[in-house]
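Peer 1: Chains as they are written, first to last, in the working numbering: chain S, 1 to 398; chain A, 399 to 629.
Derived by calculation from the structure, the hints in this document are not laboratory data. Worth double-checking, as some hints may not be accurate.
SDA-like, lysine to any residue: derived pairs with alpha carbons at most 20 angstroms apart [stated by the list, open to error]:
1. A:Lys539 x S:Ser18
2. A:Lys520 x A:Leu545
3. A:Lys411 x A:Val622
4. A:Lys411 x S:Ile392
5. S:Lys71 x S:Lys243
6. A:Lys541 x S:Ile392
Remember, it's a predicted structure, so these values are computed and weren't measured experimentally.
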Amino acid sequence: MMYFDEALRVLLANKLRSLLTITGLIIGVGAVIAIQVLGASMAGAVNGALGALADNSFVIFPNSRQRDASKASIRLSDLAAIQQSVPGILSARPLGISSQLVRAGHVLARFSVSPEGAPPFSNLPIVYGRNLNADDVAGATNVCVLSNDAYLKLFPGGGDPTGQSLYAGSHRYVVIGVLAAPKRGFLNLQFSGAITIPWTTFVHDYVVGQNIFGAGFLVADASRIPQTEIAVQNKLRDLHGGKDLQYQTADKAKFTQGVGGIFNALTLIVGLIGAVSLLVAGIGIMNIMLVSVAERTREIGVRKAIGARGGQILWQFFIEALLLCSTGCAIGLAIGLGLGAFINDVFIIKLTGTVVPIPWLQATGIAIAFAVVVTLAFGTYPAYRASSLDPIEALRYE
Amino acid sequence: MNNQNAIELRDIKKTYKNGALEVPVLHGINASVAHGEYVAIMGPSGSGKSTLMNLIGCLDRATSGTYILDGVDVSSLNDNELAEIRLKKLGFVFQGFNLLARTDAIKNVALPLFYAGIPQRKRNDAALAVLEQVGLADRAKHKPNELSGGQQQRVAIARALINDPAVLLADEPTGNLDTKTSDDILALFNKLYENGRTIIMVTHDEEVARHAKRIIRLRDGLIVSDGPSGA
Ligand SMILES: Nc1ncnc2c1ncn2[C@@H]1O[C@H](COP(=O)(O)OP(=O)(O)O)[C@@H](O)[C@H]1O
Ligand SMILES: [Mg+2]
């Protein structure tokens with residue numbers, strides 16, 4: 001391909017100039033692609049970190065900074081009342097956590113014990129035994145399910161621990177199941193402790209009085225969580241006789257949206273920076289192409305004199321612009337992917353344990369699109385200028 | 399085709415228009431050049447030699463008159479058609495050689511074939527054959543800055559010949575060369591002439607013009623004499 005060879009020769013003859021010309025393009029494309037890669041891995045990480053929480057669950061707490069904090073406190077009896085009056089709620093349970101010295105065999109360690117319902121709020125898979133079931137909850141049985149961490153510490157010998165007993169303080173629980181290890185990380189919300197027991201058992205063993213820390217609900221329809229949250233808040237205000245009582249809710253969708261919102265703002269800013277730098281880069285490329293056309297006016301005259309058509313001259317300069325832009329975009333792509341992969345590796349994967357594939361294809365597509373658009377937008381006019389030179393004028397040019 | 403003239407100019411007039419200003423340069427040129435002729439165009443500076451050469455070379459169009467090149471009326475062709483004519487029927491040799499820098503001899507010579515859409519292998523073979531004709535086959539891979547002036551001009555002549563043009567046009571081809579090298583180039587032209595090539599050369603140098611077989615003298619846009627050079 002001769003146009004290509006010639007364009008390559010011209011660009012290599014002015015290496016420094018070519019490189020400086022495409023710097024803006026490299027930065028612009030690199031930034032856009034790095035953010036693209038990060039976007040994909042952030043989204044994946046948020047999903048992974050919250051993956052252990054059921055989509056159709058939400059939790060509610062009284063706002064601790066309010067005048068009638070004690071009046072707002074959620075009571076055990078509220079759970080049944082809410083479940084009866086708010087439609088769409090499958091199950092309700094108290095939230096809580098109790099730190100206990102736990103003994104299994106000769107191993108002694110401090111762990112948190114927390115309540116869980118049936119079906120469970122955590123959707124971590126089971127590796128040994130089974131999850132808590134409705135009978136455990138109804139009967140307030142002395143059974144427990146271990147987190148993977150707790151299992152590894154308490155049963156260093158490994159093997160299936162189900163059927164064995166452990167002691168938390170003065171309480172004895174029979175191990176009925178072990179959960180898989182969660183994807184760990186800074187986004188991993190710990191809604192359950194190391195050792196989970198039926199919430200009824202938890203109330204019996206650790207809750208003094210009627211007040212509970214908060215409540216968790218499973219709903220039939222995850223898409224109706226926002227409305228259900230409001231209904232539950234209103235019901236609590238009703239039950240506690242205070243119109244101004246404040247309750248906070250949290251659910252997976254809300255959290256994902258929060259992180260997504262921050263990320264969208266970041267994308268917009270970087271996108272704008274990328275767009276501006278591409279515009280500047282494009283103008284720089286156009287400028288250099290015009291200089292190149294002017295410098296080679298005589299050459300263009302010669303080419304026309306020996307029979308080159310205008311279209312062939314146009315094509316030659318167009319290929320040159322395309323080569324310049326593609327080189328810039330290719331380097332930008334490499335840098336963007338490298339940077340994105342590095343940040344992904346060091347922060348996202350290390351901190352969250354979530355491995356999100358790098359969107360190579362999408363990034364390459366973006367880079368190609370940029371190369372084509374910038375070439376068309378800024379390379380066409382110089383190429384046209386070259387093609388429409390009058391051969392006699394061009395030959396006379398010094 | 400060979401019973402026609404290579405070039406026929408009938409009442410060719412050229413007036414340059416710069417906005418409202420009209421500069422009449424050629425006032426009615428009538429001439430014909432047969433195939434195989436070797437013609438020098440002479441005349442004082444400003445007499446219209448280059449203007450005429452540009453018309454013959456299909457780089458420009460006459461204001462009026464008819465120009466028939468190798469049997470084709472090129473008077474009213476558009477830009478692309480003229481480019482095609484330049485590619486297929488004409489070969490240019492310039493005073494300043496006008497080779498592409500940083501491009502080796504063989505690529506320079508092959509350039510017209512590229513614009514004709516000939517594949518690379520054929521281009522190279524053909525270019526090498528023509529370089530052989532001008533005695534530079536051993537310099538095929540040399541770039542212009544690695545060649546002497548005379549060698550560069552021979553590369554340029556090879557480039558002009560590669561499409562086997564009906565007419566070889568040369569505007570002051572020895573203007574940038576010393577006497578010895580000029581003689582080499584003129585000897586080459588003579589050899590081409592003897593092999594049947596049609597050559598038209600512009601020069602202001604009587605010595606050079608005497609190598610041609612026929613001299614057309616211009617003055618103020620008109621032919622004042624046209625006859626054998628006596629060579
Ligand atoms: N593009 C142009 N516009 C106006 N006048 C021109 C142009 N080109 C040449 N001329 C004029 O035409 C006349 C002939 O020029 P030219 O053909 O270059 O003569 P020569 O080559 O014999 O010296 C000169 O007077 C010159 O000024
Ligand atoms: Mg002149």
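Peer 1: Would you mind marking each hint as holding or not holding in the structure?
Peer 2: Results of checking the hints against the structure:
Note on lysine 539 of chain A and serine 18 of chain S: the hinted pairing is violated, with a Cα-Cα distance of about 26 angstroms set against a maximum of 20 angstroms. For the proposed pair lysine 520 of chain A and leucine 545 of chain A, the alpha carbon gap of about 25 angstroms is over 20 angstroms, so the pair is violated. Only pairs whose Cα atoms come within 20 angstroms are accepted, and lysine 411 of chain A paired with valine 622 of chain A is accepted, the gap being roughly 15 angstroms. For the suggested pair lysine 411 of chain A and isoleucine 392 of chain S, the alpha carbons sit about 18 angstroms apart, so the restraint of at most 20 angstroms is met.
Taken as a hint, the lysine 71 of chain S and lysine 243 of chain S pair is honoured in the structure, with Cα atoms around 11 angstroms apart against an allowance of 20 angstroms. Simply put, lysine 541 of chain A and isoleucine 392 of chain S have alpha-carbon atoms about 26 angstroms apart, too far for the 20 angstroms limit, and the pair is violated.
Checked against the numbered hints given earlier, the structure breaks hints 1, 2 and 6 and satisfies all the rest.
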